Each structure stands twice: as C-alpha cells, then as structure tokens.
Amino acid sequence: MRLYNSLTRQKEEFEPLAPPYVGVYICGPTVYSPSHLGHGKSYVSFDVLIRYLRYLGYNVRYIQNITDVGHLTDDADAGEDKIEKQARLEKLEPMQIAEKYTKSYFDDMDALGVLRPDVSPRASGHIPEQIELIKKLIKRGHAYEVDGYVYYSVSSFPGYGKLSGRKLDDLMSGARVSVDERKRNPKDFALWKQAGDDHILKWNSPWGWGYPGWHLECSAMSMRYIGNTLDIHGGGLDNIFPHHESEIAQSEGATGKPFARVWLHNNMVTVDGQKMGKSLGNFTLLKEIFEKFSPIVVRLYILRSHYRSPLDFSDKGLESAKSALERLTAFRARLGRTDSEIAEKPSEETAALIKRTKAVFLEFMDDDLNTPGALASIFDLIRGGNTILDKDDSPANRIVLSGILEELAGTILGLDTAGSASSEANSMELCEILAETRGILRENRLFEATDRMRESLNRIGYIARDLPGGKSKITRK
RNA sequence: GGCGGCGUAGCCAAGUGGUAAGGCAGUGGACUGCAAAUCCACCAUGCAUCGGUUCAAAUCCGAUCGCCGCCUCCA
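For the first sequence, position 331 matches number 331 in the working numbering, and the numbering has no gaps at all.
It should be emphasised that the hints constitute simulated quantities derived from the structure, not laboratory data. Being a predicted model, the structure only gives us computed values, none of them experimental. Just so you know, even glycine gets a beta-carbon here, dropped at the ideal spot from N, CA and C. A hint or two may mislead.
[As the list claims (entries may be wrong)] Pair ranges (Cβ atoms, derived):
#: 1; residue 1: D272; residue 2: F241; range: 21 to 27 angstroms
#: 2; residue 1: E291; residue 2: D170; range: 41 to 47 angstroms
#: 3; residue 1: E436; residue 2: G461; range: 16 to 22 angstroms
#: 4; residue 1: K316; residue 2: D147; range: 53 to 59 angstroms
#: 5; residue 1: R184; residue 2: K162; range: 19 to 25 angstroms
#: 6; residue 1: G317; residue 2: K11; range: 23 to 29 angstroms
#: 7; residue 1: D147; residue 2: L17; range: 37 to 43 angstroms
#: 8; residue 1: A351; residue 2: E326; range: 23 to 29 angstroms
[Unchecked claim] Below, a list of computed lysine to any residue pairs in the SDA-like style, where the Cα atoms sit at most 25 angstroms apart:
#: 9; residue 1: K275; residue 2: D238
#: 10; residue 1: K477; residue 2: T329
#: 11; residue 1: K345; residue 2: D392
#: 12; residue 1: K167; residue 2: R182
#: 13; residue 1: K322; residue 2: L467
#: 14; residue 1: K473; residue 2: F379
#: 15; residue 1: K11; residue 2: D368
#: 16; residue 1: K187; residue 2: V146
#: 17; residue 1: K187; residue 2: H71
#: 18; residue 1: K358; residue 2: A333
#: 19; residue 1: K278; residue 2: P258
#: 20; residue 1: K477; residue 2: T411
#: 21; residue 1: K11; residue 2: L237
Sequences and hints are given; from them, build the entire structure.
What follows is the structure, encoded as structure tokens:
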C-alpha cells in the first residue's frame with residue numbers, strides 16, 4: 001500500500017517498523033462540545049485506514065487520545081482551558097464535561113460505523129508520563145523552567161519546522177508574537193504551565209502546581225502505548241502546525257529517535273468554500289445531520305471524496321449520496337440472505353466480474369486510500385451484477401455477489417448495507433407474507449387494494465415493488 | 001509577507017504523460033395495470049486562461065486569473 005507522507009511530501013510504499021505489527025496514533029477530539037461534520041470526515045477517513053490495514057493482515061494497535069485538559073481557547077499560553085470554560089457555562093465539574101462529550105463523541109462515531117480505538121487514553125490520566133517527558137527534555141537541554149512554567153526551546157531542536165516546511169525566521173516575521181516575557185524565544189512553546197487558584201484542573205509537579213501544554217499529551221501517550229517510533233501518526237491538516245511540529249520536537253528531543261515514520265493528514269470540511277470550524281461558528285453538528293440523513297449516508301458522503309481533498313458541505317451533496325446509497329442497498333436487498341448453502345457454482349461471468357471488481361477496488365485502496373475510486377468499482381459491480389441477475393438469478397450467483405459486497409463495501413469501507421440483520425429478520429418475514437398477499441390481489445386485478453397497500457406501506461417506510469411474473473417484493477426504504 | 005493546496009459536465013468527484021472512472025440530476029427506449037426498481041442507449045473533441053516541452057499533455061514547465069488552508073484555538 002502506498003500512502004502520502006506529509007513529512008516527505010510524496011506517496012511512499014508503507015512498511016511498518018516491525019511487521020506484522022503496526023502502531024497508529026491519531027489525534028482525537030477535545031471533548032468540550034458535540035462533534036460536527038469535520039470530525040466525522042476525519043475519523044471516518046482514519047477508520048478506513050485502520051480497517052484496510054487489518055484487511056491486509058496487519059496487527060494494528062490503534063491509539064486515539066481524548067483531550068480533556070490543557071487545550072486553551074486562545075493564544076497558546078494565555079487562553080483559558082476549553083473544558084473549564086465549558087464547565088462554567090454548563091455549571092458542571094470539568095470532568096463531567098469531559099465525560100459528557102466523550103460519550104457524545106463515541107455515540108456519533110458508533111453511528112457512523114467508526115470502529116473504536118484499541119486504546120483511548122485521556123490526557124488527564126497521563127500526567128506522570130507527561131512530567132517524565134518534561135524532565136527528560138530539561139535534562140537534554142531542550143527545555144527550561146521559569147517561575148513554575150517550563151518551555152520548549154525551539155532553537156535547541158534543528159529539525160523544528162521539517163514537517164510544516166517552515167523556518168523559524170519566517171514564523172517570527174509574519175505571525176502574531178506572544179508577549180510572554182518569560183520565554184527566551186517568542187516561538188518557544190509551553191510544556192508546563194503554572195496554575196493559579198482559579199484553575200480547577202491542576203497537578204503537583206517538580207515545578208509546582210500546574211497543568212501540561214496541549215502538545216505534550218500526544219507525545220507522551222503515543223510513546224507510552226506504541227513506543228519511541230510510531231508507524232503512522234495522523235490528524236487534521238490544521239494540526240500540522242504548531243501541534244504536530246511540536247510533537248516531533250518533544251518526542252525526538254527526548255528520545256533522539258524518529259517519532260513517526262508516516263504522517264497522514266486529512267483535509268477539511270468546508271462550507272461555501274470556507275473551513276468548517278468551531279471558531280467560525282459555521283459548523284453543522286453530526287447529530288443535526290442525523291435528523292435528516294442516516295449516518296450511513298453521511299459515511300458514504302464522506303467516502304465519496306478523497307481524504308486529502310476538502311469536502312464542501314451541502315444538503316444537495318447529502319441528497320446525492322442518499323440516492324447513491326439507495327442503489328447500493330437495493331442491490332444488496334436483491335441478493336437476499338447470505339446464510340444459505342451454496343448448492344452450485346456461480347457462473348463464469350459472475351466469477352469474472354467479482355475478480356475484476358476486487359482487483360480494481362484493491363488497486364484504488366492501495367493508492368493512498370482512494371475511496372472514490374474504490375466506490376466506483378463497487379458501482380460497476382452493481383451494474384454488472386444486476387445485468388447478470390436479470391438473466392440468471394441463481395442462488396450461487398447471489399451468494400458470491402453478496403460475499404464480495406460484504407468484503408469490500410462492508411468490511412473495508414464500513415458501509416453496512418445489510419442493516420442490523422437480527423432486528424430485521426422478523427420484519428423481513430412479514431414483508432414476504434405481505435408480498436405474497438399482494439401477488440394474489442394483483443392476480444385478481446384488485447388494483448384499488450394494491451394501490452392502497454402501497455400507500456400504507458410507504459407511509460411507514462416500506463416500498464412495494466411488483467416484479468415481472470406476478471411476484472412482488474416489499475422492502476424497507 | 002512566508003509555507004502549502006486547489007480550479008475536470010448542471011451538481012459532486014476519480015484520473016498526474018498514451019487519448020476523460022463513478023455517483024446524482026436529465027433525455028430516449030425495454031419492462032409494468034399504473035408505478036418503482038432494473039437493464040439498454042444518450043449525456044465533457046475537452047479538464048480556469050494563455051504560452052512552452054513532447055510523437056503524444058487534464059497530467060510536465062512558465063506566466064496569468066480565481067478560490068482555499070496554515071503561520072493564534074479548531075479534525
């Protein structure tokens with residue numbers, strides 16, 4: 001598999017440090033508000049990465065942090081802790097806020113079919129690791145303490161800027177400069193901050209009571225659970241600088257070893273061309289979208305564009321994805337259940353179609369997770385499959401087609417088109433009974449009754465379709 | 001100002017040197033009691049614009065125009 005590595009700015013053949021093990025760290029959310037579509041795009045994209053790595057046979061350890069302390073609202077060293085601010089607004093304890101929105105986050109991700117990480121470490125639960133890391137950095141001359149604050153000395157790390165392609169001089173000329181007089185260099189960033197009396201989230205440390213800087217947790221926790229060198233580190237494009245750049249400085253400064261072999265960055269969701277973000281206030285919450293579109297539609301919508309391309313949000317786009325999904329689910333429904341025995345072999349034509357689809361699908365996925373291309377192969381499969389079934393609707397054909405669809409669209413892309421099988425089993429049987437009745441009504445040309453039946457079914461979310469030969473089919477919309 | 005990205009049909013979106021995937025919408029036909037679904041056919045001589053390199057360019061190079069991201073928190 002080839003992946004685009006932000007560090008080298010090119011696609012590279014992916015090779016883990018110690019196959020078959022793959023250590024992946026993805027920057028998780030700061031849990032102080034419900035997730036929006038931007039989070040959805042990000043974590044669905046990385047979910048496909050994890051699923052595909054596992055499909056390829058790798059033993060993946062997937063770490064995704066939960067930021068519940070240290071992420072400030074404003075300038076890196078002067079703002080207020082986001083969690084604490086929200087806690088005050090909601091009149092709750094900071095840890096209640098963190099738990100509330102952690103649950104909200106996982107609810108949304110579960111709905112989107114995003115697999116849970118193997119470990120979801122909380123920043124607040126890894127303060128000792130972070131303190132140890134700071135100690136190491138001070139010892140190695142990368143950090144210094146001033147009045148209860150510890151700063152990373154950017155000039156002590158020659159590689160600073162290698163990920164984002166910046167030089168220290170460029171940063172200083174254009175950017176707003178912090179007025180923190182404790183810093184030796186304006187671009188030094190805080191590893192540990194002193195906490196005043198008004199601060200709720202604080203811990204004791206060799207430098208007094210305080211709390212860690214935002215960048216620190218990812219270095220500390222990723223190395224805690226994976227090791228000094230990660231195979232893959234991912235996150236949003238907007239985190240390249242300063243967050244990921246600082247992580248590299250912290251981790252490599254402390255260990256002297258390469259931090260991450262591959263850096264992956266997913267692009268942003270935009271609204272009318274502008275980045276969807278909390279600060280602009282132009283975000284749409286996933287829960288709001290789910291009121292109008294099912295999560296699987298949203299997942300398909302996200303996967304229809306490449307993870308490194310921006311996705312411009314629109315209802316029209318979601319409508320389009322919904323129609324596309326209907327095509328997919330209609331085909332899946334036509335294939336029926338998959339638990340029956342294969343009595344015979346599928347036709348040669350079917351076997352060839354499946355072989356071709358799989359080859360094209362995997363080729364697209366191998367090329368930096370090209371999900372739009374992979375989806376195109378799925379829709380080619382649907383057309384080809386429908387054509388075959390129009391001529392030869394044999395159980396063997398249906399079973400193998402259903403198998404490949406499950407493997408590619410289901411397991412790898414996470415599009416569960418079969419629905420929750422167990423809960424649907426009963427209603428499927430009811431549908432069969434109704435369909436049989438409908439056939440008898442049609443045979444006797446009682447069209448008034450059949451039309452009424454179709455309307456009633458439609459009202460509660462079912463579609464009645466009449467097939468050639470007098471049979472009918474009733475399915476959920 | 002510095003660094004980076006993008007501009008492909010009505011809409012969305014792949015394609016980074018070999019003659020424009022796929023989806024949505026649309027049109028015509030088959031099928032149908034009427035539908036729906038499905039199938040077949042059609043739907044970009046052209047990929048922001050202008051030059052250049054090449055047997056060959058959406059793809060490489062240069063210029064121009066437009067849009068966006070990062071350089072402050074954001075996936």
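For each hint, the structure was consulted:
1. The beta-carbon spacing between D272 and F241, approximately 25 angstroms, falls within the hinted interval of 21 to 27 angstroms.
2. Between E291 and D170, the C-beta spacing of about 45 angstroms keeps the proposed range 41 to 47 angstroms intact.
3. Distance hint check for E436 and G461: the Cβ-Cβ separation is about 20 angstroms, which falls inside the suggested range of 16 to 22 angstroms.
4. A hinted range of 53 to 59 angstroms holds for the C-beta pair K316 and D147, which are about 55 angstroms apart.
5. In this structure, R184 and K162 meet the distance hint of 19 to 25 angstroms, their C-beta atoms being roughly 21 angstroms apart.
6. The beta-carbon spacing between G317 and K11, approximately 27 angstroms, falls within the hinted interval of 23 to 29 angstroms.
7. Against the hinted window of 37 to 43 angstroms, the Cβ-Cβ separation of D147 and L17 comes to about 40 angstroms, which satisfies the hint.
8. Under the hint 23 to 29 angstroms, the C-beta atoms of A351 and E326, about 27 angstroms apart, fit the expected range.
9. Taking the CA atoms of K275 and D238, the gap is about 10 angstroms. The hint holds against a cut of 25 angstroms.
10. For the suggested pair K477 and T329, the alpha carbons sit about 9 angstroms apart, so the restraint of at most 25 angstroms is met.
11. Proximity of K345 to D392 is assessed by CA-CA distance (about 12 angstroms); at most 25 angstroms being required, the pair is judged to hold.
12. With a C-alpha separation of about 22 angstroms, the suggested pairing of K167 with R182 holds against the 25 angstroms cut-off.
13. Restraint check for K322 and L467: the C-alpha separation of about 24 angstroms stays at or below 25 angstroms, so the hint holds.
14. In summary, the hint linking K473 to F379 is supported, as the alpha carbons are separated by about 23 angstroms, within the 25 angstroms threshold.
15. With a CA separation close to 7 angstroms, the supplied pair K11 and D368 stays within the 25 angstroms bound.
16. Annotation: proposed proximity of K187 to V146 holds, straight-line Cα distance about 15 angstroms (limit 25 angstroms).
17. Distance check on the hinted pair: K187 and H71 sit about 18 angstroms apart at the alpha-carbon level, within 25 angstroms; holds.
18. For a cut-off of 25 angstroms, the pair hint linking K358 to A333 stands: about 21 angstroms separates their Cα positions.
19. The suggested pairing of K278 with P258 is violated, with an alpha-carbon distance near 33 angstroms, which exceeds 25 angstroms.
20. For the hint pairing K477 with T411, the CA-to-CA distance comes to about 23 angstroms; that is within 25 angstroms, so the pair holds.
21. As the CA atoms of K11 and L237 are separated by approximately 16 angstroms, the hinted pair is consistent with the 25 angstroms bound.
Violated hint for the displayed structure: number 19, the only one.
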